[in-house]
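Asker: Sequence:
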Amino acid sequence: MAAGEQQSRQYLERHRLPELLHRLCALLLYHRPEKPREFLIQALERVKAGKRAEGEYPHLMDEANLGAMFELLDVVGQGHITPAQFREALKTLGLSTEDLQFEADANITLDVFKEEVKKKMLESWAVY
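Heads up: the sequence shown begins at 1 in our numbering, then just goes up one per residue.
Think of the hints as simulated: they come from the structure by calculation, not from any bench. Positions of the beta carbon are idealized from the N, C-alpha and C atoms, including for glycine. Be aware that a few hints might be false.
Unchecked claim - Derived DSBU-like pairs (lysine-lysine); straight-line CA-CA distance at most 35 Å:
1. 120 to 35
2. 118 to 35
3. 119 to 48
4. 120 to 51
5. 51 to 35
6. 91 to 118
7. 114 to 48
8. 48 to 35
9. 120 to 48
10. 48 to 91
11. 114 to 51
Unchecked claim - Estimated spans, in silico, between C-beta atoms of each pair:
12. 15 to 97: 19 to 27 Å
13. 31 to 102: 29 to 37 Å
14. 102 to 20: 23 to 31 Å
15. 5 to 63: 20 to 28 Å
16. 6 to 112: 42 to 50 Å
17. 103 to 6: 42 to 50 Å
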């Protein structure tokens, strides 16, 4: 690999630009705005405001989406899922599974699921 190409890759990785662009494209495809450029500018402004704790980060999953996802995981309708199911849900959403503090036999309720997913979403945007 040429030195210039290696430096370019390092630059992209250092600033986490591939992940950021992937997230922005996912937002575009999810919302499908009429004015995509304006939407992207607003999304980046929300990221900036979120870092300053002056607003919310952009998100793909709202309360209804999280509830639906939980219901899909809780196939028998027990009102809870396992930590393994929760970990897989985080992976599906492209969120970190590090630092999970659940015992193997813990029961994760809908409220805990929503709270923890939202927290992981915030952590994922905060790095930009």
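Asker: For the hint 20 to 28 Å, verify it against the beta carbon of residue 5 and that of residue 63.
Answerer: Violated, since residue 5 and residue 63 (Cβ atoms, about 44 Å apart) do not stay within the stated range.
Asker: Just to be careful, I want the Cα atoms of residue 48 and residue 35 compared with a cutoff of 35 Å; is the pair within it?
Answerer: Between residue 48 and residue 35 the Cα gap is close to 20 Å, so the pair holds against 35 Å.
Asker: For the pair supplied as a hint, residue 114 and residue 48, is the alpha-carbon distance within the 35 Å limit?
Answerer: Within the cut-off at roughly 24 Å; holds.
Asker: Mind checking the alpha carbons of residue 118 and residue 35 for me, to see if they're no more than 35 Å apart?
Answerer: Roughly 27 Å between the alpha carbons, so the hint for residue 118 and residue 35 holds.
Asker: So if I understand the rule, the pair passes when the alpha-carbon distance is 35 Å or less; does residue 120 with residue 51 pass?
Answerer: Holds, at about 14 Å.
Asker: Evaluate the given range 19 to 27 Å for the C-beta pair formed by residue 15 and residue 97.
Answerer: About 23 Å separates the Cβ atoms of residue 15 and residue 97, which means 19 to 27 Å holds.
Asker: Return holds or violated for the Cβ distance of residue 103 and residue 6 against the range 42 to 50 Å.
Answerer: The hinted range 42 to 50 Å holds for residue 103 and residue 6, with Cβ atoms some 44 Å apart.
Asker: Does the Cβ pair residue 102, residue 20 satisfy 23 to 31 Å?
Answerer: holds, 29 Å
Asker: Quick check: does the Cβ-Cβ distance between residue 31 and residue 102 fall within 29 to 37 Å?
Answerer: Holds, at about 32 Å.
Asker: Hint says 42 to 50 Å; check whether the CB-CB distance for residue 6 and residue 112 agrees.
Answerer: Between residue 6 and residue 112, where Cβ atoms are some 44 Å apart, the hint holds.
Asker: Does residue 48 lie within 35 Å of residue 119 when you go C-alpha to C-alpha?
Answerer: holds, 17 Å
Asker: CA of residue 120 to CA of residue 35, is that 35 Å or under?
Answerer: holds, 29 Å
The structure fails to meet hint 15 from the earlier list, while all remaining hints are met.
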